[in-house]
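Sequences are here, hints too, so could you generate the full structure?
Line by line, the protein sequences are chains A and B. Everything in the first sequence is counted per our numbering, starting at 352 for the first residue and increasing by one. Everything in the second sequence is counted per our numbering, starting at 31 for the first residue and increasing by one.
No wet-lab data here; the hints were simulated from the structure. Just to be clear, a hint being listed does not mean it is correct.
Label-pair ranges, simulated between beta-carbon atoms [claimed, not checked]:
1) A:Ile477 with B:Ala160: 46 to 52 Å
2) B:Ile143 with A:Arg473: 35 to 41 Å
3) B:Trp133 with A:Asn600: 51 to 57 Å
4) B:Ile305 with A:Ile477: 36 to 42 Å
5) A:Thr598 with B:Arg217: 48 to 54 Å
6) A:Ile477 with B:Ala141: 40 to 46 Å
7) B:Phe257 with A:Asn479: 53 to 59 Å
8) A:Asn433 with B:Ile117: 41 to 47 Å
9) B:Trp133 with A:Gly599: 52 to 58 Å
10) B:Leu57 with A:Gly379: 51 to 57 Å
Note that CB positions come from ideal geometry on N, CA and C, so glycine has one too.
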Amino acid sequence: MVSSAEALVKDANQTLKLDVRDLSIYYGDTPALENVTLDVREHEIFGIIGPANAGKTSFLKTLNRMDMFTSNMKVQGDIHFNGFDIQKTRNIYALRSRIGVVFPLPVGLPLTIYENVALSPRLSGIRNKADLDVIVERCLTRAALWDEVKDRLDSLGSLLSGGQQQRLTIARALSQEPDVLMLDEFSIAVDPVTTMRIEDVLKELKSEMTIILVTNLVQQARRLADRTAFFLEGKCVEIGDTEDLFTGNAKEQSTIDYIEGKFG
Amino acid sequence: MFEISELNKRNRKTQKLFQILFMMMTLLLITPVLIILGTLIYKGGSIISVDFLFTHPTDGMTAGGIFPALFGTVWIVAVALLASVPIGVAAAIYLSEYAPDNWLTRIINLAIINLAGVPSIVHALFGVGAFVIFFKFGTSILAASLTLAIMTLPVVIVASRESLQAVPKAFREACWNMGATRWQTIRRVVLPNAVSGILTGVILEVSRTTGETAPIMFTGAAFFLPFLPQSVFDQTMALSLHLFVVSTQVPGVPEELPYGVALVLIAMVLLMNSISIAFRMYLRGKKKW
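Structure follows, in C-alpha cells:
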C-alpha cells in the first residue's frame with residue numbers, strides 16, 4: 352500500500368510537463384538563447400540561475416508564446432507542454448491561462464484587490480458572485496495575503512506595498528488554476544521577510560503545480576529548486592540536481608564560479 | 031561659508047528676470063480672452079434674458095430672440111457627435127491597440143495629423159460635394175453634422191489615442207499573460223483607464239463644433255427660417271452663422287444684438303469646457319495607478 356503510493360508519486364515526478372528541444376531565440380539577427388534542450392517535470396521546482404542577459408526572461412516568454420507580442424523576436428526549436436506542441440496550438444489563450452506568470456516588478460492591475468484576483472476567472476466565464484468570492488479568498492489565502500487585505504478587498508490593488516502587490520500577483524496567477532507557475536526574479540522589489548513568506552508559499556504549491564523559478568539569487572535556487580539550470584550568455588551551460596550543483600559536483604567550472612559568486 | 035558672492039547675486043538676478051519675463055508672457059496670453067469676455071458682457075449682457083434665448087427673431091432679425099439658432103446648434107452638435115465619436119474612438123483603439131507598427135500605420139497617423147490641418151472651408155466644400163450632392167442629403171442638419179464630424183475626427187482620434195497610450199504597457203502584458211484576448215484586455219483594463227482622456231477629446235470636439243461657421247453655411251445652416259427643423263433632413267439656423275448674419279448681412283440691427291449672440295455662443299463653449307474640466311478632475315481623483 353505504502354510502496355504503491357510511493358511508486359505513484361515517483362511516476363508523477365517522472366511525468367514531463369515541459370519538453371524543450373533545440374530552442375533558439377533571436378531578436379532580429381542577434382541570438383538571445385541558442386540550442387537549449389531541457390525538460391521540466393511535473394511537481395518540481397525548476398530553478399534557472401544566471402547573470403543578466405543570459406536569456407532567462409526570453410526563455411520564459413517563449414514558453415507561453417508571449418514572443419508574438421515582440422515583433423522582431425524569432426523562436427526556433429520544439430516546445431511541448433503536456434505533450435502538445437505549443438508552436439502548433441491554435442488556442443494560445445488556453446495555453447497562457449494554464450501558465451501563471453509573476454514578473455520581477457509587481458504589476459497590480461488598476462482594479463480593486465478583489466477584481467485583480469477575480470479577473471482571470473471572469474475572463475474564463477465565471478459570473479456567479481459566490482463562486483468568485485470563494486476563488487478570491489482561496490487564492491489570496493494561498494498567496495499568504497488574505498489576512499492583510501480581507502477587510503479592504505475593494506481598495507485598489509495598485510496601492511498596496513511592493514511586497515503585498517507581489518503576493519497579489521501570485522494570487523492572481525493562482526486564480527488561473529495553472530499547471531505551471533513561472534516566476535521571473537520575483538524578489539527583486541520585495542523585502543527579505545516577504546521573500547521568505549513567498550518562498551514558503553512556493554514550497555506548498557509544489558504539490559499542486561509545477562514551478563519554474565528564474566532567480567538572480569543563487570541561494571534562493573538552492574533553498575527551493577529540485578533541479579537547477581545555469582544559463583550564461585545565451586547558452587544553457589548545465590542542468591543538474593540542485594544539491595549536486597551546490598555541493599561542488601557541478602560539471603562545468605563556470606557553474607561553480609557563478610555559484611560561488613566569482614562573477615555575475 | 032554661506033556668504034553671497036557676486037556670482038550668486040548675478041545668478042539670482044538672472045533667474046528673477048526670466049521668471050518675470052515668463053509670467054508677463056502668460057499674462058499677455060490671457061489678456062485678449064479677458065478683453066473679449068469683458069466687451070461681450072459689457073455690450074451684450076443687457077440683451078440676455080429668458081425671452082432672448084427662447085423666442086424667435088422678429089422684424090427681419092433686428093429684434094426678438096435667437097431660439098431657432100440655439101436649437102439648431104444643439105441639434106447639429108449632437109448629430110455630429112453621434113457620427114464622429116464612435117468612429118473616432120474605434121479608430122483610436124485600432125491604432126493604439128491593434129495596428130502593427132508598419133508603413134501603413136505610419137501613413138494613417140500622418141493623414142490624421144494632416145486632416146486636422148485642412149482649412150474648414152475646404153471641409154465645407156467637400157461636405158457640399160459628398161453629403162449634399164452625392165449622397166443627396168440636400169442642405170440639411172445631417173449634411174452639416176457629417177461635415178463637422180469629419181472635420182473634428184482628428185481631435186477625437188488623437189486625444190483618444192494619447193489617453194489609450196498613457197495606460198502602462200505592463201498592464202496589457204499582465205492581462206495577455208493570463209490568457210486574455212486583446213479585446214478582453216482593452217475592455218477590462220485599458221478602456222476604463224482611458225475614459226477620462228477620451229471624454230476630454232470629445233468635449234474639445236463639442237467646443238470646436240459649436241463655434242464653426244464655414245463648414246455649415248453651405249451644407250445645412252440657413253440665413254433665416256420661420257420654423258424649427260422637424261428632422262435631420264431639414265435645414266436649420268445655427269448660432270455661429272446667425273452671429274455672422276446679424277453682424278454683417280442685416281441692416282438696422284441694434285448694437286447689443288450681435289454682442290448678445292456672441293456672448294451666448296461663448297457661454298455655451300465655456301460651459302462645455304467647464305463640464306469637461308470638472309469631469310476630468312473627478313475621474314483623475316479616481317486615477318488608479
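Verification of the hints:
| no. | hint | verdict |
| --- | --- | --- |
| 1 | A:Ile477 with B:Ala160: 46 to 52 Å | holds (49 Å) |
| 2 | B:Ile143 with A:Arg473: 35 to 41 Å | holds (38 Å) |
| 3 | B:Trp133 with A:Asn600: 51 to 57 Å | holds (56 Å) |
| 4 | B:Ile305 with A:Ile477: 36 to 42 Å | holds (38 Å) |
| 5 | A:Thr598 with B:Arg217: 48 to 54 Å | holds (52 Å) |
| 6 | A:Ile477 with B:Ala141: 40 to 46 Å | holds (43 Å) |
| 7 | B:Phe257 with A:Asn479: 53 to 59 Å | holds (56 Å) |
| 8 | A:Asn433 with B:Ile117: 41 to 47 Å | holds (44 Å) |
| 9 | B:Trp133 with A:Gly599: 52 to 58 Å | holds (57 Å) |
| 10 | B:Leu57 with A:Gly379: 51 to 57 Å | holds (53 Å) |
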